[in-house]
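Q: Residue-level listing of the chains:
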Amino acid sequence: MDILEESIKHDKEVAAAAAPAGPEQPKFSDILNKPEDQTRFTKMLEQGDLLRAEGLDPGVIIDLLAQPETVAPGDIAKLARAQEIYGEQVAHAKEIAETVTEGNIDDLATSSPELQNAIKVRGAKQMTAFIQKQLSELAISDPVRFEEMRTDQNALAAWQATESARLKGEFEKICKQRHIEPDTSTIVRILNDPNPHTRTQELRAEINSQLGFWRGLFTSEKTFKEFQALGGDIQTAKTEIQRRTEGVGNLMGLMLEENLEVRRALMLEIVGKNPERAPQMPLKDLYTILPTETQMDADWQNHKMTIRNWGRMSEYDKDLERAHFEEEYQETMRQRVAAKGTGMWAAFALFLFGGALKTKRFK
Amino acid sequence: MEPIATMSLYKTFLGFVESGDEAAARAYLTDHFAEFPEDVQERLTLIFFEDALRSRAAATKEIGRMQQEGLQALRDLAVEDRKLDDQAHIADLKKQLGTE
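Chains A and B supply the protein sequences, listed in that same order.
Residue numbers for the first sequence follow my numbering, so the first one is 6 and each next one is one higher.
Residue numbers for the second sequence follow my numbering, so the first one is 10 and each next one is one higher.
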């Protein structure tokens with residue numbers, strides 16, 4: 006490995022000049038010497054997608070690493086690029102992981118009752134540690150799924166950094182100009198209800214009522230022409246404008262509300278009725294894909310029939326065959342699920358299938 | 010408490026897949042979370058996190074769109090209100106001039 010490291014060190018300047026500007030890269034020796042990184046790096050090579058996306062053949066890189074003493078100078082750049090790809094992916098995972106803290110995980114959980122419950126059971130500290138660890142794994146083991154998550158995270162971060170404050174500022178300016186004071190008395194009264202069940206119900210009802218008013222306002226084609234139609238009765242028209250201004254102002258105020266309970270209810274109501282929500286594969290779509298334990302055994306028996314001399318094989322060779330079958334079985338399942346869609350159920354099904362497969366001892 | 014074995018959890022999950030009852034599946038995962046092995050809890054946490062992030066991104070996009078719409082509505086309402094004030098002012102002047 007010394008020759009390889011020396012060569013990489015020597016070529017580092019050239020490779021660095023060719024590489025796009027980005028986060029500081031880990032040294033190859035660090036990757037290869039730290040068991041955690043070594044495992045992930047190997048996983049990246051086996052998974053292969055990240056390298057193929059950059060025009061590198063994972064098989065070539067694996068071969069080069071298997072015989073480092075024979076690496077030709079021209080291949081050093083390939084190894085250096087593989088190292089960079091790994092470093093970039095680790096850095097992306099770190100970026101997202103740093104946005105998940107004990108202090109803000111409750112806020113994010115307003116969008117997931119399941120995550121809220123998990124936090125109650127294991128505590129925010131443990132949940133944060135789980136997520137941070139798993140993000141590093143996911144970045145390497147499933148780059149496509151990780152990229153989707155990164156896109157969502159970046160969109161949220163961009164929103165929080167710029168848009169959110171801009172819209173709030175504009176709203177406050179209009180409120181000042183138009184003497185609008187969002188009426189929060191109903192929300193405050195509801196939040197003072199000590200019964201969590203009725204409090205949630207009332208909160209949802211209030212939000213629904215305000216959303217109903219809002220949607221009525223924007224689905225009415227004659228909205229602004231109405232005022233002119235009211236013609237001579239200027240006071241009636243002004244009263245109607247005042248009513249609408251207050252209604253819009255109240256919901257705008259609600260959308261800027263920082264109380265977690267209010268935000269949770271608002272998110273659920275809005276997302277639940279949002280047709281643009283990213284489509285997720287429904288649970289029932291897995292029905293024809295996931296095998297029962299009996300089916301797993303049957304699939305193994307079918308596979309075994311294709312192996313010549315099974316009866317005369319050593320236990321070591323049989324274990325190799327089992328491992329090969331499990332690997333192919335998992336890949337087949339991954340492709341079948343991916344063909345149906347993505348989302349929470351798809352991810353959980355693949356994980357459970359893999360776990361169940363590991364507990365099997367095929368005979 | 011003994012953790013629920015992965016194969017047992019897989020079989021339970023297959024039951025929910027067969028019925029297609031997502032609410033029941035979510036309730037099961039929530040109610041039994043503490044009984045799952047540590048590695049299942051870890052992976053499940055990431056999946057919940059991913060789901061929360063996806064929902065939050067969708068909700069934020071929608072809320073952002075609604076806020077833009079709301080701001081525009083408030084501006085439009087202000088314009089209409091000013092027009093009505095002008096109409097009222099003109100009507101007053103006409104009345105004073107006796108030209109109504």
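Be careful, since some hints might not be right.
[What the hints assert, rightly or not] With a straight-line Cα cutoff of 27 Å, these simulated DSS-like cross-link-like pairs (lysine-lysine) come out:
hint: 1; chain 1: A; residue 1: K289; chain 2: B; residue 2: K20
hint: 2; chain 1: A; residue 1: K243; chain 2: B; residue 2: K92
hint: 3; chain 1: A; residue 1: K309; chain 2: A; residue 2: K365
hint: 4; chain 1: A; residue 1: K368; chain 2: B; residue 2: K20
hint: 5; chain 1: B; residue 1: K104; chain 2: A; residue 2: K173
hint: 6; chain 1: A; residue 1: K181; chain 2: B; residue 2: K92
hint: 7; chain 1: A; residue 1: K99; chain 2: A; residue 2: K138
[To be verified] Short derived list, chain A residues pointing at chain B, Cβ under 10 Å:
hint: 8; residue: I136
hint: 9; residue: Q139
hint: 10; residue: G217
To be clear, the hints were calculated from the coordinates, so they are not data collected in a lab.
Just so it is clear, CB atoms sit at the ideal spot from N, CA and C, and this is done for glycine as well.
Q: Under the constraints set out in the numbered hints, which ones does this structure not fulfil?
A: The structure breaks hints 5, 10; every other hint is satisfied.
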